[in-house]
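So the sequence lines, in the order shown, correspond to chains A and B.
With the numbering used here as the guide, the letters of the first sequence map in order to residues 464 to 722.
With the numbering used here as the guide, the letters of the second sequence map in order to residues 8 to 270.
Read the hints as simulated data drawn from the structure, not as lab findings.
For every residue, glycine included, the Cβ atom is placed at its ideal position computed from N, Cα and C.
Among the clues, some could well be false.
[Stated by the list, open to error] Derived list of chain B stretches under chain A, where covered just means 3 residues or more per stretch with a C-beta under 8 Å from a C-beta of chain A: (1) 55-62; (2) 255-262.
[Unchecked claim] What the simulated footprint calls covered on chain B by chain A, stretch by stretch (three residues with Cβ under 8 Å from a Cβ of chain A suffice, anywhere in the stretch; the number is not a length): (3) 105-113; (4) 118-130; (5) 168-181; (6) 206-212.
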Amino acid sequence: MASGRAVSRINWPGLAVLALVLLAWEAVVRAGVIDFEFFPAPSAILAGGIELAKDGILLQDLLHTLLSIAIGWSIAMLIGISVGLLLGFSPLVRRYSLASIEVLRPMPGIAFAPLGLLLFGFSLQTELVVTVLPTVWPVMINTMGGIANVQPRLADVGRTFRLSRHEIIRHLLLPAALPSIIVGARISLGLALVMAIVAEIVGNPEGLGYGIVREQQALHPEAMFAYIAVVGVLGVILNAGVLGLTSLLWPATVPRRGM
Amino acid sequence: MGIRFASIRQLMSEFPSPRGLLPAIVLLVLWQIFQSGNSPYFPPPSTWWTGLIQLAAGGRLLTASVATIQTIVVGLVLAIVSGVLIGVLIGMSQQASRALGPLLEFCRAMPPPAIVPLAILFLGYDARMKLTIVALSAMWPILLNTSSAIQHIHPILLDVSTSLRLSVFERVRLIVIPSVVPAILLGIRIALPLTIVLTLLVEILTSIEGIGALMIAAQRNFQSGQVYGLLVLVGMFGFLLNNAFSIVQAVILRRWPPRNVQA
Numbered sequence: 464m465a466s467g468r469a470v471s472r473i474n475w476p477g478l479a480v481l482a483l484v485l486l487a488w489e490a491v492v493r494a495g496v497i498d499f500e501f502f503p504a505p506s507a508i509l510a511g512g513i514e515l516a517k518d519g520i521l522l523q524d525l526l527h528t529l530l531s532i533a534i535g536w537s538i539a540m541l542i543g544i545s546v547g548l549l550l551g552f553s554p555l556v557r558r559y560s561l562a563s564i565e566v567l568r569p570m571p572g573i574a575f576a577p578l579g580l581l582l583f584g585f586s587l588q589t590e591l592v593v594t595v596l597p598t599v600w601p602v603m604i605n606t607m608g609g610i611a612n613v614q615p616r617l618a619d620v621g622r623t624f625r626l627s628r629h630e631i632i633r634h635l636l637l638p639a640a641l642p643s644i645i646v647g648a649r650i651s652l653g654l655a656l657v658m659a660i661v662a663e664i665v666g667n668p669e670g671l672g673y674g675i676v677r678e679q680q681a682l683h684p685e686a687m688f689a690y691i692a693v694v695g696v697l698g699v700i701l702n703a704g705v706l707g708l709t710s711l712l713w714p715a716t717v718p719r720r721g722m
Numbered sequence: 008m009g010i011r012f013a014s015i016r017q018l019m020s021e022f023p024s025p026r027g028l029l030p031a032i033v034l035l036v037l038w039q040i041f042q043s044g045n046s047p048y049f050p051p052p053s054t055w056w057t058g059l060i061q062l063a064a065g066g067r068l069l070t071a072s073v074a075t076i077q078t079i080v081v082g083l084v085l086a087i088v089s090g091v092l093i094g095v096l097i098g099m100s101q102q103a104s105r106a107l108g109p110l111l112e113f114c115r116a117m118p119p120p121a122i123v124p125l126a127i128l129f130l131g132y133d134a135r136m137k138l139t140i141v142a143l144s145a146m147w148p149i150l151l152n153t154s155s156a157i158q159h160i161h162p163i164l165l166d167v168s169t170s171l172r173l174s175v176f177e178r179v180r181l182i183v184i185p186s187v188v189p190a191i192l193l194g195i196r197i198a199l200p201l202t203i204v205l206t207l208l209v210e211i212l213t214s215i216e217g218i219g220a221l222m223i224a225a226q227r228n229f230q231s232g233q234v235y236g237l238l239v240l241v242g243m244f245g246f247l248l249n250n251a252f253s254i255v256q257a258v259i260l261r262r263w264p265p266r267n268v269q270a
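So that you can see chain A by itself, here it is in the shape it has in the complex:
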């Protein structure tokens, strides 16, 4: 919803509800209404989180996840944008490969986890395989669509002004396609976070995703909830950060309302 505007106007009722939910949760657990062995109160989760942070292990896991998101997303952007540009500029390439891409695109990224494990074992490479493959598509498709959907008249205008082909691409077509490419990059980044967590749960015993599983198996529910909360906060920050950054740099590319 109003992620952009939230900064300028603080949503007090929203924050109040959030606090109320946490308070009710605390009260319910304290009063013993819910008799779940594995359901810690928010205060216990906070304490567990502080414990982990003091240990330094939380920071280490956070850094690992951020690093693999950064590497995976960069690789996906590199492949996605270059192949997307190629597809966008050349109808011939498009005709002879789009069907192959459309067959590969709906493949669920998680399905590559067993393949990654087969090839690389439990390692960062497996994590990158699982992260990169699904995140390539939004960038690639949006880059291709952005270029291919530029009004043909724009190129005609360039030719009228006797711009070279290189100048037309650089000064007219690329800027026109930029909003679409940025939207693709944003979708990819969100996906990269999800897939990095998935990969850490399944294929690479490091990072926040592994932290969740590790604490679950060690029967430390406070620590597990703390990891989940950190992952959620990371998601919110990445979302808001990218949205804020793009609205600052390229205001035209941000949808009028959040979503």
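Could you slot chain B onto chain A? The hints should help.
Below, chain B alone, put in the same frame as chain A:
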């Protein structure tokens, strides 16, 4: 999300040229020719087929496929029902949407796989847990699209319905449903791949009956042919489900064409 994807539909109209499958076919043929040995990592495509046949012979492939598809479909239906209901409630009331906004925003930004260990802890290893995870995480895009569409119904339309003294039933039928249906469909389009990913993830993690469990078992036994074969099979599931939904979507949108709700 998914807003610019209309552009691919335009490209699709020039696309159904099967010539585009050529690179994939050439690659597979070259792979088959140059990998004649029994490579444990890159087995030739013919072994993918024999791997699948092995699994199918025991009847395991069929039961696993049925279990996986059942989870995807039932989970998606649950997600649609709950997402639309809550989305309508939130969309109707400005206060509710403002009050619940941050909470929902946090739940939406939470990467769905993070709740898998949580659900396992609470619900144990069973089909109920699988469905809960799939429904919970696929619900958000549907919920947010629905509530946003209701909030964007043009006020004049509501004024008109008041002046014409439409009954509540007519108001819903004539104004709310046509405005909301395209948005719900868009939400489902985003949710569908998510349900597939999560179903497989749960199966891989917990080895509960399903294609995901077969994949991870094949990997653990170094049956690389089976791993690749199942990968292709899963890809075909994704392809078929996505296209089936595209057809359903096209049919429904013919009945309720999208309006410019942003107006």
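How the hints compare with the structure:
1. Given a C-beta distance limit of less than 8 Å, the hint that chain A covers the segment 55-62 of chain B is violated, as 0 residues qualify and 3 are needed.
2. A stretch counts as covered by a chain when three or more of its residues have a beta carbon under 8 Å from one of that chain; for the segment 255-262 of chain B and chain A the count is 0, and the coverage is violated.
3. Given a C-beta distance limit of less than 8 Å, the hint that chain A covers the segment 105-113 of chain B holds, as 9 residues qualify and 3 suffice.
4. Note: the segment 118-130 of chain B has 11 residues with beta-carbon separation from chain A under 8 Å; the three-residue rule is met and the coverage holds.
5. Only residues whose C-beta sits within less than 8 Å of a C-beta in chain A count toward coverage, and the segment 168-181 of chain B has 0 of them, not enough to reach three; the restraint is violated.
6. Counting residues of the segment 206-212 of chain B whose C-beta sits closer than 8 Å to any C-beta of chain A gives 4, which meets the bar of three, so the coverage hint holds.
The structure is inconsistent with the numbered hints 1, 2, 5, although it conforms to all the rest.
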